[in-house]
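A.B. asks: As a plain string of letters, each chain reads:
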Amino acid sequence: MNKFYARFRLFYLNNSIIFIFIALSVMSGILSDKFFSVRNWLNILNNFSVTGIVSCGVALVLIAGGIDLSFGSILACCSVFAAFLEPRSLFLAILLPVLLGVLLGLFNGFIVAKIGANPLITTLGTQWLYFALLMIVTSGNLVQGNSDTPFHFIGHGKIFNIPFPIYFFLGIVLFAWFLSRKTLYGKYLFAHGSNKNALFCSGIDSSHIYMMTFAIMGLLVGIGGVVLSSRLIGVRPTEGGRYLMNVLTAVILGGVSLNGGIGSLVNVMIAVVVLGVIDNSMVLLGVPYKDQQIIRGGIFILSIIYNNYLVNQSEIFRRKSVSQES
Amino acid sequence: MGTLVEMKGIYKLFGGLCAINNVDLTIGKGEVIGLVGDNAAGKSTLMKVLSGVYPPTEGDIFVEGQQKIFKSPHDARNVGVVMLFQDLALVQDLDVTDNIFLGKELPKRIFGQDMRFLLDRRTMDERSEKFLRELEINVDSIKEKVKNLSGGQRQSVSIARTIFFNARLVILDEPTSAISVKETQKVLDLILQLKKKGVAVIIVSHRMEDIFNVADRVVVLRRGKKVEDIEKCKTTPELIIKRIIGLNDGAGCNQ
Ligand SMILES: Nc1ncnc2c1ncn2[C@@H]1O[C@H](COP(=O)(O)OP(=O)(O)O)[C@@H](O)[C@H]1O
Ligand SMILES: [Mg+2]
Chain A
104 MNKFYARFRL
114 FYLNNSIIFI
124 FIALSVMSGI
134 LSDKFFSVRN
144 WLNILNNFSV
154 TGIVSCGVAL
164 VLIAGGIDLS
174 FGSILACCSV
184 FAAFLEPRSL
194 FLAILLPVLL
204 GVLLGLFNGF
214 IVAKIGANPL
224 ITTLGTQWLY
234 FALLMIVTSG
244 NLVQGNSDTP
254 FHFIGHGKIF
264 NIPFPIYFFL
274 GIVLFAWFLS
284 RKTLYGKYLF
294 AHGSNKNALF
304 CSGIDSSHIY
314 MMTFAIMGLL
324 VGIGGVVLSS
334 RLIGVRPTEG
344 GRYLMNVLTA
354 VILGGVSLNG
364 GIGSLVNVMI
374 AVVVLGVIDN
384 SMVLLGVPYK
394 DQQIIRGGIF
404 ILSIIYNNYL
414 VNQSEIFRRK
424 SVSQES
Chain B
5 MGTLVEMKGI
15 YKLFGGLCAI
25 NNVDLTIGKG
35 EVIGLVGDNA
45 AGKSTLMKVL
55 SGVYPPTEGD
65 IFVEGQQKIF
75 KSPHDARNVG
85 VVMLFQDLAL
95 VQDLDVTDNI
105 FLGKELPKRI
115 FGQDMRFLLD
125 RRTMDERSEK
135 FLRELEINVD
145 SIKEKVKNLS
155 GGQRQSVSIA
165 RTIFFNARLV
175 ILDEPTSAIS
185 VKETQKVLDL
195 ILQLKKKGVA
205 VIIVSHRMED
215 IFNVADRVVV
225 LRRGKKVEDI
235 EKCKTTPELI
245 IKRIIGLNDG
255 AGCNQ
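Residue numbers (this note's numbering), protein chains in the order written: chain A, 104 to 429; chain B, 5 to 259.
Derived by calculation from the structure, the hints in this document are not laboratory data. Treat the hints with caution; some may be incorrect.
Claimed, not checked - Residues from chain A that face chain B, not an exhaustive set, calculated with beta carbons under 8 Å:
{"hint": "1", "residue": "Leu287"}
{"hint": "2", "residue": "Phe293"}
{"hint": "3", "residue": "Ser297"}
{"hint": "4", "residue": "Cys304"}
{"hint": "5", "residue": "Ile365"}
Unchecked claim - No more than 25 Å apart at the CA atoms, straight line, and that leaves these computed lysine to any residue pairs for SDA-like:
{"hint": "6", "chain 1": "B", "residue 1": "Lys149", "chain 2": "A", "residue 2": "Asn362"}
{"hint": "7", "chain 1": "B", "residue 1": "Lys112", "chain 2": "A", "residue 2": "Thr286"}
{"hint": "8", "chain 1": "B", "residue 1": "Lys147", "chain 2": "A", "residue 2": "Lys217"}
{"hint": "9", "chain 1": "A", "residue 1": "Lys217", "chain 2": "B", "residue 2": "Thr127"}
{"hint": "10", "chain 1": "B", "residue 1": "Lys75", "chain 2": "A", "residue 2": "Asn117"}
{"hint": "11", "chain 1": "A", "residue 1": "Lys285", "chain 2": "B", "residue 2": "Lys75"}
{"hint": "12", "chain 1": "A", "residue 1": "Lys285", "chain 2": "B", "residue 2": "Asp124"}
{"hint": "13", "chain 1": "B", "residue 1": "Lys147", "chain 2": "A", "residue 2": "Asn300"}
{"hint": "14", "chain 1": "A", "residue 1": "Lys217", "chain 2": "B", "residue 2": "His78"}
{"hint": "15", "chain 1": "B", "residue 1": "Lys112", "chain 2": "A", "residue 2": "Leu287"}
{"hint": "16", "chain 1": "B", "residue 1": "Lys149", "chain 2": "A", "residue 2": "Asn411"}
Backbone N, C-alpha and C define an ideal beta-carbon position, used for all residues, glycine too.
Pulled out of the complex, with its shape left as it was, chain A reads as follows (with noise of 0.2 Å):
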C-alpha cells in the first residue's frame, strides 16, 4: 500500500462522522420533508444541547484515560438543586449548581487520581452514592421550580430567533475544544492518557491534570444541569439517567478511544448532532417509544464497534508505516 494512500485513508477514517453524518441527513431528508427546516435543524440542537454539554466533559476524561459514569447523577443533583435554588434567587440558582458539579467531579478524581482507584468502578460506587443522596434529600419526589422567574429564559429564551441553549451548547463546545487543543493543560490532557511515564520521565506530575478533569467534567455536567433544570417546570430525582446513553454513545461514535489519548471534540460534537438526527428522524417517521429504545441499544452498540474500528485502524496505520521505513 502506497504511503500517500495510507494517509489518505487514516484521515478519511478519522473524519468518517462528519460522512455519516450527511449520509444520515440526506436519507432523513428524503424520508421526511420538514427534515431540512430551520426550525427542525434548531430543534434537533436545542435538544441536544444539555447531551452535547455533558459529552463535551465525559470526552475530556475520556482521553485523559479515564472514565465516569457518574455524570447522569451529577447532572440530576445539580438541576434539582437549580429547581430548589431558583425562586430563591437567580444568582444562587446558577452558581451553586455548577460549584455542585465542580465538588463532585473533584471527589471523583480525588478518589481516582490521587488515590489511584479504578476509574470504572470508582465512578459506577458514586453514581449510586450520588444518586442515593439526591433521593434522601428530595425523599424521591419532583421539585418544583417557577415558570415565569429570570431564569426560565435560560431553557426557553432565545436571541435572534435562535434557542438560548444553543448558544450555551456552542459556547461549552467552544471552551472545551479550546481547552484541549491551545492550551498546556489540553497537550498533558492528552499525553496522561497516552503515556502518563513519558510524563512522569520529564518531570510532570500528571495526577493534577487528571484529577482537574474529572472537576472540569463535573463544571461542565453543573452548567448542563442548570440548563436542563430552566427547561424543566420541575425537576425529578431520576432525570440524569436518561441522558447515560446518549452521552455515552456520543462520545463513542465521536472516536474518542476508551484507552485515553485520543479524541476529538469536534466528532464528538458531530456525533451528538448525528444523534439528535437519529432521534429526530424516529420522531417525524412515528417510530413507538419502545421501538426507539431498542434502535438506540443497537447504535450503542454499532458505535463500540465503529470505534473500536477506528482505533484499530490508526493502530495498523502504524505497524505499516514503521516496516516501510525500516
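Here the structure of chain A is known, so what remains is to put chain B with the ligands in place on it, guided by the hints.
C.D. replies: Quick look at chain B with the ligands alone, frame taken from chain A:
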C-alpha cells in the same frame, strides 16, 4: 576530563532480591560508557537509581562532587541527568514538537506578558524543525504524531530531546534493540554527537558491536555486582563476553 557523576556503594534490594550489590561507578564529562551484562544482571535497575526512578537502598550519588538525593526523575533532570527508557520517553499520541518540548513548553506572549497556560506552538514548531535539521534527523513533518514514526526516528527524537534540554549525562537503555541496522547507525551517530557537545552517555546494550563502536569504557554487571570496568582499547568483545557469562569468577549476590 573531569568527573561528572560518581555513584558510591550502591545497593538496591527488591524485597529479598539484591538487584544491585555494592556498585561504584564514575562517569567523566563527555565520556561514553557501555554498560553490559546478562539478562537480569541489574543494568536497568542501576540506571534507574542513577536517574531518580528508584531511591538506592544504600549508597550515595555525587554530581560534580556534591552529594545529591534524587527523589524523582525530575530532580535528576534538574542537574542534567536524563534517562531514556525503552519506548517510554515519548508520548505516542502527541506530535514531534509537542514531544521535544514536553515539560518545557514555551508560553504564548500576549501584550508582553507570558501566558503560562497557553502554548506558543508556532515558535516551538520553528525551533524543533531547525533543531532536528541541525542533527540531520529526518521526519516527514514535525506535526506527525510520534506513533507514526519508525522506531529509529522515535529513538532519534528522544535523544534529540535530551540535547535540547542541556542534559549533561544521558542514559540510554537498549536504544538499538528494536530498530533496523540502518537506523542503529543513525542512533550511534547521535551518541557521538552528544559526546562532541560534551554530554556524557551511558549506553546499555547487549549488542557488543554497538558498544565497541561508540564507548570509551566498558562496564560489566553480573548478578548485581560490577565485575569489569575497563577502557575499550584495553579489552576485546570476546573478553567482555567472558566477563558477562562469568567465566573464571564466582561473583554473585551473597545474601
Ligand atoms: N521493580 C522491581 N521489583 C522487583 N524486582 C525487580 C524490579 N525491577 C527489577 N527487578 C529485578 O531485579 C533484577 C535486575 O533487573 P534489571 O535491572 O531489569 O536487569 P537488566 O536490565 O540487567 O536485565 C532482576 O532479577 C529483576 O527481576
Ligand atoms: Mg533492562
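A.B. asks: It remains to establish, for every hint, whether it holds in the given structure.
C.D. replies: Checked hints:
no., hint, in the structure
1, Leu287, "holds (5 Å)"
2, Phe293, "holds (6 Å)"
3, Ser297, "holds (4 Å)"
4, Cys304, "holds (5 Å)"
5, Ile365, "holds (6 Å)"
6, B:Lys149 x A:Asn362, "holds (17 Å)"
7, B:Lys112 x A:Thr286, "holds (10 Å)"
8, B:Lys147 x A:Lys217, "violated (33 Å)"
9, A:Lys217 x B:Thr127, "violated (34 Å)"
10, B:Lys75 x A:Asn117, "violated (41 Å)"
11, A:Lys285 x B:Lys75, "violated (32 Å)"
12, A:Lys285 x B:Asp124, "holds (9 Å)"
13, B:Lys147 x A:Asn300, "holds (22 Å)"
14, A:Lys217 x B:His78, "holds (19 Å)"
15, B:Lys112 x A:Leu287, "holds (10 Å)"
16, B:Lys149 x A:Asn411, "holds (20 Å)"
Consistency note: the structure conflicts with the earlier hints numbered 8, 9, 10 and 11.
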